[in-house]
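Student: Numbering (the working numbering), first residue to last: 1 to 1071.
Because the hints were derived from the structure by calculation, they are not lab data.
Since the model is a prediction, treat every value here as computed from it, not as a measurement.
Among the hints, a few may not be true.
What the hints assert, rightly or not - Label pairs and their in silico Cβ distance ranges:
id : residue 1 : residue 2 : range
1  : R155      : R196      : 55 to 61 Å
2  : P209      : G127      : 16 to 22 Å
3  : E1039     : D924      : 41 to 47 Å
4  : A923      : G638      : 22 to 28 Å
What the hints assert, rightly or not - Here are the simulated lysine-lysine pairs, BS3-like style, with alpha carbons at most 25 Å apart:
id : residue 1 : residue 2
5  : K777      : K117
6  : K167      : K105
7  : K117      : K140
8  : K777      : K941
9  : K140      : K892
10 : K777      : K606
11 : K140      : K167
12 : K105      : K431
13 : K134      : K105
14 : K167      : K210
15 : K210      : K342
16 : K431      : K412
17 : K140      : K105
18 : K105      : K117
19 : K412      : K210
20 : K105      : K777
21 : K342      : K941
22 : K140      : K777
23 : K892      : K941
24 : K58       : K105
Cβ coordinates follow ideal geometry from the N, Cα and C atoms, glycine included.
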Amino acid sequence: MRNLLLAAASVLTLALAAPAVAQETRVLDSMDDATRWEATASTDVHAAVSAVAGYNGKAVRLDYDFDGKAGYAVLSRPLPFDLPDNYEISFWVRGAGPTNTFEVKLTDASADNVWWKQTARYDFPDGWTRFVIKRRQVSKAWGPSLETILRRAERVEFVVVAAEGGKGSVEIDQLTLRALPVDPPVPPQPIASDGRTASTAANAVDLDPKTAWTAPVGEASALTLDLSYEREFGGLTLRWGERGAASDYRVSASMDGRDWRELATVTSGNGGVDWLRTPEATARWLRLEPLKPVSASDVVGSSGAGQRLGAAQATTYALNEIEVEPLAFGADRTVFLEAVAKENRRGLYPRGFSGEQSYWTLVGVDGGGESGLIGEDGAIELRRAGPSIEPFVVDNGRLITWADVNVEQGLKDVDLPIPSVTWTANDWTLKITSFADGQADQAQLWGRYDLTNTSSRPRTLTLALAARPMQVNAPRQFLAIPGGVSPVETIGWDGAELKLNDTVRVQPLAAPDQVALATFDAGSDPQSLILPSARWPAAEVMTTTDATGLAAGALTYEMTLQPGEIRTVGWVSQLSGDALAPEPVGQAAAVLDAVETRLAAEWRAKLDRVELTLPPAAQRIEDALKSSLAHMLMSRQGPILQPGTRSYNRSWIRDGAMMAEGLNRLGMAEHSADYLRWYAPYVFENGKVPCCVDARGADPVPENDSHGEFVFLAAETYRYTKDEALLRQVWPQVQRAIAYMDELRASTRTTAFQTPDQRHLYGLLPPTISHEGYSDKAAYSYWDDFWGLLGYKDAVFIAETLGDAEAAARYAAARDQFAADIRASITATAAHHGIDWIAGAADRGDFDATSTTIALSPAGEQDHLPPELLARTFDRYWENFRNRLTNRTAWKDYTPYEWRLVGAYVRLGRKDRALDVLDFLMADRRPEAWNGWAEVVGREKREARFIGDMPHAWISSDYIRSALDLFAYERDRDHALVLAAGVPEAWLDTAEGVGVRNLRTAYGPLTYAYRKEGQGYVLTLGDGATPPGGFVLRWPAGEGRPERVRIDGRSATWSSDELVIPAGARRVVLN
1 MRNLLLAAAS VLTLALAAPA VAQETRVLDS MDDATRWEAT ASTDVHAAVS AVAGYNGKAV
61 RLDYDFDGKA GYAVLSRPLP FDLPDNYEIS FWVRGAGPTN TFEVKLTDAS ADNVWWKQTA
121 RYDFPDGWTR FVIKRRQVSK AWGPSLETIL RRAERVEFVV VAAEGGKGSV EIDQLTLRAL
181 PVDPPVPPQP IASDGRTAST AANAVDLDPK TAWTAPVGEA SALTLDLSYE REFGGLTLRW
241 GERGAASDYR VSASMDGRDW RELATVTSGN GGVDWLRTPE ATARWLRLEP LKPVSASDVV
301 GSSGAGQRLG AAQATTYALN EIEVEPLAFG ADRTVFLEAV AKENRRGLYP RGFSGEQSYW
361 TLVGVDGGGE SGLIGEDGAI ELRRAGPSIE PFVVDNGRLI TWADVNVEQG LKDVDLPIPS
421 VTWTANDWTL KITSFADGQA DQAQLWGRYD LTNTSSRPRT LTLALAARPM QVNAPRQFLA
481 IPGGVSPVET IGWDGAELKL NDTVRVQPLA APDQVALATF DAGSDPQSLI LPSARWPAAE
541 VMTTTDATGL AAGALTYEMT LQPGEIRTVG WVSQLSGDAL APEPVGQAAA VLDAVETRLA
601 AEWRAKLDRV ELTLPPAAQR IEDALKSSLA HMLMSRQGPI LQPGTRSYNR SWIRDGAMMA
661 EGLNRLGMAE HSADYLRWYA PYVFENGKVP CCVDARGADP VPENDSHGEF VFLAAETYRY
721 TKDEALLRQV WPQVQRAIAY MDELRASTRT TAFQTPDQRH LYGLLPPTIS HEGYSDKAAY
781 SYWDDFWGLL GYKDAVFIAE TLGDAEAAAR YAAARDQFAA DIRASITATA AHHGIDWIAG
841 AADRGDFDAT STTIALSPAG EQDHLPPELL ARTFDRYWEN FRNRLTNRTA WKDYTPYEWR
901 LVGAYVRLGR KDRALDVLDF LMADRRPEAW NGWAEVVGRE KREARFIGDM PHAWISSDYI
961 RSALDLFAYE RDRDHALVLA AGVPEAWLDT AEGVGVRNLR TAYGPLTYAY RKEGQGYVLT
1021 LGDGATPPGG FVLRWPAGEG RPERVRIDGR SATWSSDELV IPAGARRVVL N
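My request is simple: use the sequences and hints to build the entire structure.
Tutor: Here's what the structure looks like:
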């Protein structure tokens, strides 16, 4: 009776919730007329449209040739149509050519708002293939509209975006739209049957974990589910009884209940809960066929805790529940494992898979190449987008994870890029350290594990190093190299080396006692891997293959430690090249000590070219300075400067130019020169400087800050290297970039921009997405204009340096004209929008003080901006900052590009504000001991979000430049070096005082010491720097300054709150 009632209830639910009947298919374009379509392409990419024989009649063909460039080719036409509540768009496609990204775009009437379906690395099929896009696969790409769902399209675009680039063609036929029934908000519960008279099938779908569908072992049995309608789903969850689980079983799907197709097959399952991923599956009926029971020795509890039940062989299958999961469950392996992690004990999966934000740092070599990551909890990612080695300890039969111990992080000598994580338990500690050595093309990654007995009695522990199919790069990371799962389809052990996917090799430095390998179905979680039945002697050779891509393995070390005893194990894995270290196995501590000591000395030599003297309370500034330099060096790819190694694994000229400035000041101008040589050939023939360059070539997306940044890079490199030959080598590209900016400016110096509503835009560079802050809609960004103006200034400098008087005069006239237009625009924009600050963009009137800092440095416009607007801009930032600091305003996150505000406040004479912002940003190093910042910092530390690369090398450069500004910066109006403008008296009043040694400037290396002596202060200047404007010592307005001044024994006086010191002076005494 109970089963009949359940079935009746399901039928009633079906009647109430079944989807509406679908409408007929509509042909949007038969593609018989190619003249309706046009072909366009990005800069220097070629595209053409033609008619060809199609799947049905004619088709439209797009031919493209990337010609060694990045970019895109577009096939498009106006095509208005309304979109129903649920639909699918389809067409037939075939093509020829390399693997590239394929995009289908729909725009609204404004053309500013774009929706798309993007397929990365699409292999165009040789034969006609139907390409289907469901409504749920269409997402908002960009646009200012707040609408996220497209209701009416006005234009259709088929886009080929360079991945491998090359040349090829794509043919499109029969573009159609079909309305689909709208799925019910909550799908009805399936109806279960098994064909038996006394059936218990309904127990498998009754939502009661205490009941079960049962079937005898040894007889053909099948559980059939009627889903009530053709339903899309992403997977299944099977909850077996604690005894009676199937080890082997098959799941099939059907649309009509007669013709069945295999959906999933499981072998060697271990009971408990089975999660099956079935991406993009559709079925009306499902069928489960148990084939073999789990053997008694392999049975685990339903909680997944890994305990052995030790029961006799089951004679009856018992399935407590089978759940049909939504599409999102199987969207990708990462989402799938996140769902699995939620049902497991916290700590069995990395923090990021459990819905918590995780943090990490970079492990690599100078010059980049491949790199690893180490997570805050101790997992080590073996290469970019690669699997990880994650530690566990078995203590008294219990598996100890990162969630069960106190976790702390550190760096060797507090600033070297040799990071560590320490677990502290009641009776022991585990210190995990990682580092890389070698050259960019032949590098190795090392993992070190020091297990210490901190108790007063002997302890027997097992250290398990699990190789798992998960990156340290967290699941919320979606750009370029998505974080989350790193598929492992094969994993093998040959007696001496662990190999994953036949490409990643891990060589232990001490032979493990036992090895375990497992598929996901058989139990690749750490609890299952440490079961005695899962482990084999290390002398065994074994290989496991897993079609799910979720295989894992573990190396286990059993140790009995005396009180205070340390046992060290470790491994080495190749990052690039083929050779692994030849050091003998069995001497792990000695091998690791030798490599780490040598590596520390190598890094120290690179990071100590410039040194600061600081009191202990301020030492963190130098520590973070040196770590940030290491982050930039490790993020490079040979000569290429780039902001990251995962999300931002490409080179933006704005990032590179500003990183180059930081490298120059820290004594590494050779890297600035290498970068300039590398980037210059990518400047387009028309003078457009690409915003960024990667393996595909130069990106054609217009970002009008790029041109000035390139010219600045050329000039700044010369200022520090004095390499005139290099300057002459890039002079043609500089000239082309300036000519291109001349054309851009001319487009807004027309009568159309003389009208009252356009006058504030007159003479500016045309709108672009700029620093990507205007990706919703291109804007007239002052960021672009300030960089452009700096480009003109530096073009004059370069022309004069190279003796080209005619070019210098021409560029000077353009510089002055552009400067006048910008300054007039800033005032007009404030009036137009009714604001009292310098806008971020002239057409928006928005507030963006972080981007406005560029006007002060490096653009050098501080003395030429409207004083009231300039002051109000940074006063308003300060008000916002204080409100955020005291939680008087709601906020979720911010970007540490705000480091630029520290340098800005130093230049504005507000050292108090500079130091307060510094303290705030310093507190958001996560973790603090690793001295790095992600691109995005959340207010709630554990709220999962996209954070960009960590560390983010462009932010590292922002920190470097602002931190150095505290001690010295060049003033543009007189080319003086302003000293200690960000140094508080409290630092001077210590035994150490403050000082710099060999801080590079455009006028030579700067060395000074500045401290309190007696009742006054003494500034001692070393040889090296000879700035044309001498040195300037500024005293904060309103603070009592020493009135008696002697420079090299001669009396001197203050001018306002500044003391001008001749370039040759050596000793300044202030009383």
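Student: For every hint, state whether the structure bears it out.
Tutor: Hint check:
Checked against the hint of 55 to 61 Å, the C-beta distance between R155 and R196 comes to roughly 58 Å, which is consistent with it. For P209 and G127, the hinted distance range of 16 to 22 Å is not satisfied, since their beta carbons lie about 49 Å from each other. A C-beta distance of roughly 29 Å is found between E1039 and D924, which places it outside the suggested range of 41 to 47 Å. For the hinted restraint 22 to 28 Å between A923 and G638, the CB-CB distance of approximately 35 Å leaves it violated.
Annotation: proposed proximity of K777 to K117 holds, straight-line Cα distance about 20 Å (limit 25 Å). Proposed proximity of K167 and K105 is supported: the alpha carbons are some 21 Å apart, at most 25 Å. Only pairs whose Cα atoms come within 25 Å are accepted, and K117 paired with K140 is accepted, the gap being roughly 9 Å. Pair hint K777 plus K941 does not hold up; C-alpha atoms about 31 Å apart against a cutoff of 25 Å.
A threshold of 25 Å between alpha carbons decides the hint, and for K140 with K892 the separation of about 22 Å falls inside it, so the pair holds. A threshold of 25 Å between alpha carbons decides the hint, and for K777 with K606 the separation of about 43 Å lies outside it, so the pair is violated. With a CA separation close to 29 Å, the supplied pair K140 and K167 exceeds the 25 Å bound. Between the alpha carbons of K105 and K431 the distance comes to roughly 51 Å, so the proposed pair goes past 25 Å and is violated.
This hinted pair checks out: K134 and K105 have alpha carbons roughly 13 Å apart, not beyond 25 Å. For the hint linking K167 to K210, the alpha-carbon distance of about 61 Å lies beyond 25 Å, and the restraint is violated. For the hint linking K210 to K342, the alpha-carbon distance of about 21 Å falls within 25 Å, and the restraint holds. The suggested pairing of K431 with K412 holds, with an alpha-carbon distance near 12 Å, which does not exceed 25 Å.
Taken as a hint, the K140 and K105 pair is honoured in the structure, with Cα atoms around 10 Å apart against an allowance of 25 Å. For the given pair, K105 sits about 7 Å from K117 by alpha-carbon distance, which is consistent with the 25 Å threshold. With a C-alpha separation of about 54 Å, the suggested pairing of K412 with K210 is violated against the 25 Å cut-off. Restraint check: the Cα-Cα separation between K105 and K777 comes to about 16 Å, which is no more than 25 Å; the hinted pair holds.
Of the supplied pair hints, the one linking K342 and K941 holds, its CA atoms being roughly 19 Å apart against a limit of 25 Å. For the hint pairing K140 with K777, the CA-to-CA distance comes to about 13 Å; that is within 25 Å, so the pair holds. Proposed proximity of K892 and K941 is supported: the alpha carbons are some 10 Å apart, at most 25 Å. Of the supplied pair hints, the one linking K58 and K105 holds, its CA atoms being roughly 22 Å apart against a limit of 25 Å.
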